[in-house]
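Here the protein sequences line up with chains A and B, keeping their order.
Going by the working numbering, the first residue of the first sequence is number 911, and it counts up by one from there.
Going by the working numbering, the first residue of the second sequence is number 911, and it counts up by one from there.
These are computed hints drawn from the structure, not numbers from a lab.
Keep in mind the model is a prediction, meaning the values are calculated, not measured.
Careful, some of the hints might be misleading.
To be verified - Only pairs whose alpha carbons sit at most 25 Å apart, straight line, appear in this in silico DSS-like list of lysine-lysine:
(1) A:K1237 to B:K912
(2) A:K1236 to B:K1237
(3) B:K1237 to A:K1027
This is what each chain is made of:
Protein chains: 2
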Amino acid sequence: MKEINIGLLGCGTIGTGVAKILIEKKDLIISRVGASLNLKYAADIDIKKDRGIRFDDGVLVTDAYKVVNDPDIDIVIELIGGEGIAKDLILKAIDNGKQVVTANKALLAGHGNEIFKAAEEKGVDLAFEASVGGCMPIVKSLRESLVGNYIKSITGILNGTCNYILSKITDDGSSFESALKQAQDNGFAEADPALDIEGIDTAHKLAILTSLAYGMEINFKDIYIEGISGITPLDIEFAGQFGYRIKLLAISKNRGNAIEARVHPTMIPSGNLLSRVNGSMNAIAISGDAVGDMMLYGHGAGMMPTAGAVISDTVDLARNLLSGAKKRIPLLSYQSESIRKILVLSVDEISTYYYFRFSAVDHPGVLSKISGVLGKYGISIKSVHQKGRKSEGSVPIVMLTHLAREADVKKAFSEITSLEIVNDKSVLIRIEDENWQE
Amino acid sequence: MKEINIGLLGCGTIGTGVAKILIEKKDLIISRVGASLNLKYAADIDIKKDRGIRFDDGVLVTDAYKVVNDPDIDIVIELIGGEGIAKDLILKAIDNGKQVVTANKALLAGHGNEIFKAAEEKGVDLAFEASVGGCMPIVKSLRESLVGNYIKSITGILNGTCNYILSKITDDGSSFESALKQAQDNGFAEADPALDIEGIDTAHKLAILTSLAYGMEINFKDIYIEGISGITPLDIEFAGQFGYRIKLLAISKNRGNAIEARVHPTMIPSGNLLSRVNGSMNAIAISGDAVGDMMLYGHGAGMMPTAGAVISDTVDLARNLLSGAKKRIPLLSYQSESIRKILVLSVDEISTYYYFRFSAVDHPGVLSKISGVLGKYGISIKSVHQKGRKSEGSVPIVMLTHLAREADVKKAFSEITSLEIVNDKSVLIRIEDENWQE
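With the rest of the complex left out, here is chain A (with noise of 0.2 Å):
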């Protein structure tokens, strides 16, 4: 039988889940590729630790350049992790003529341009499903099943530990800081959480999923991120009072030669399947020209979700290499000399929907000097509900808009938050509603 050898960089969560599936799933994988998928190497500084797993003399090394530079390594599997040793490692294996399998997108958001031209140079695939939602086939759909659409628009659930924390306090009316504890201790967050709440991790995704989608070059900078450590219970039960749930989204739309692509919390209908999207798990909404709506739902991290994501590129590359195919699929999902740099627009040139949450002192010409001053910038007010009773002075008045401009909602927002009869702090949330009636 033939034998394809694979070599794996990094044996953490993740590389402990490949490792499993390799060895103890190794006649399953034969009676799919009809060839073994030899796990000949396994590199981490670590060689010690008890991974609950047998691996075989000699597999288990420390010097990951030792995996790179050995000759009888087809696939190369990078699961490091971060900018740094990662890099140099899949630039070398790449210039080896390794096929590479990565699940960095923190890399790939960074620097994914000058990976995937090398790539493309030296004529090796180098596969990216585990990178942007776990388990899910968003890589693939993108690359391959979608391929006769103009993509529309992608809007995504991209990050776990947010949608646990953001659904903790919308089910259970737990506090920011009680939510992200739970988290932690369930082993969903990081000890520094802050990639995950303050969106990085979601617009690293979002920068490769916009590439697949609309055959543009990686642009992670210009993508706008907020993220969800100013979300309070109280804005979420207000939320539900309109008939929405908050999600951190990851939103990119098509908007002709230039798209948009922003990372912030977002206040969705309950009636839209993504609002139903709880816990840990993640989802990604595609709208394409031919296939209209459709959507991907499951585990966006893990241990064995996202090996499975790395084990489905892995046999992808082998079948390659088993049926001798040659650069079968272009690696950003249109050929490259079709790739364009295509301008990510300043958030300042979306229009949606707003929610305001102002605090303001309880006296008569309060609400009209708010409204005059949105006046002013061509906002106009769909709704305003005056919530709750006064405390300490100040009343909290909630506002719904029409279409607006975030160029000039954002003026009209500080011009309001610094009146001196608003006082605390002021919320601004988007509402992004396909069935709102203008």
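Given chain A, put chain B in place with the hints provided.
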């Protein structure tokens, strides 16, 4: 630029959509594939009809055999449907060494083993993404993305007509007949909707999915099938009171050396994402040992979503031809030597929860008689509800059971419905509830 010649068989709704994409999105496809997919022939009995597309001269032909016998044709797309001439044309195309794309679920469910064997022997590819779930990449997910998983279960809403009808009854309180009429008026349901509402179309699709999921020969005839024509607004209303919604589900569970495969109306908890799949939309939930729970959601039918899936298959096969790939992926997901006959258990062998509605005379002792019969067959009652007021001397008695074996339930149900105190039509609906506490 390289050209791949396509021959289309059948230019009805889906065929027209496919021709539209091939002609009007030629540039998009070139930018994805790096070659031109050239629609050389579109065969149909009616070549005069205005399809709203500009075909080049000579493309529209009436003789489908001319297409499959033309040595220049690389890929044949069969969209005639049915089990008659379509089968003969596909076998002829295979025999001529063409790659084949089909959306014909009835044909694959009924004659798939023979057709796949012919393709395997000839070494040609046969792609069939559009045969199940319209635009959703379920075939690709099972054949490629979930390759490292043992599949534990599949649960799908696979027929848009049935889902539309059940959604209408649920949301608007329509009668079955009026909901069906609306589906027909909206173009979802055929004039003769039996294939849809009797569950047969759903079972065709389940037969294909179980084969791909478990590595088994296609077995349509052993699938248990029950349609939705017996579903009343009353039972949907009662279901709602217990926190359930009724969907026509295709259900398959891996039972080790055998599988369950059944199609029937099913109550599922309203917290289950599948219960939120409304209107003509489809969804498929898959549980795998690595992936955990995942779900695909999208249009299960319709011109452009289905045409998009056909194009994705066509591009896949074109990429194989262009990259020199031979036998890259086994047709039915597992290597042919690993495909087994796997027993499809009789529905008598399943165990699940049940909803009963009996219409009984309103006098003391009735409940004791009914529960006596259930007890005799070892069926334990979770709750009993006497719903609403009596009409013409009868009261509806609703019961939910604990886990029970279908064989026992059938006997008990038949004995109860033949009691003199029970009149009118009694109702049995299966419940799938993963959160049920026994």
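Do the hints match the structure? See the list:
Among the hinted pairs, K1237 of chain A with K912 of chain B is consistent with the structure: their alpha-carbon atoms are about 15 Å apart, no more than 25 Å. Our distance criterion of 25 Å between C-alpha atoms is met by K1236 of chain A and K1237 of chain B, whose separation comes to about 14 Å. Restraint check: the Cα-Cα separation between K1237 of chain B and K1027 of chain A comes to about 29 Å, which exceeds 25 Å; the hinted pair is violated.
Hint compliance for this structure: hint 3 alone is broken.
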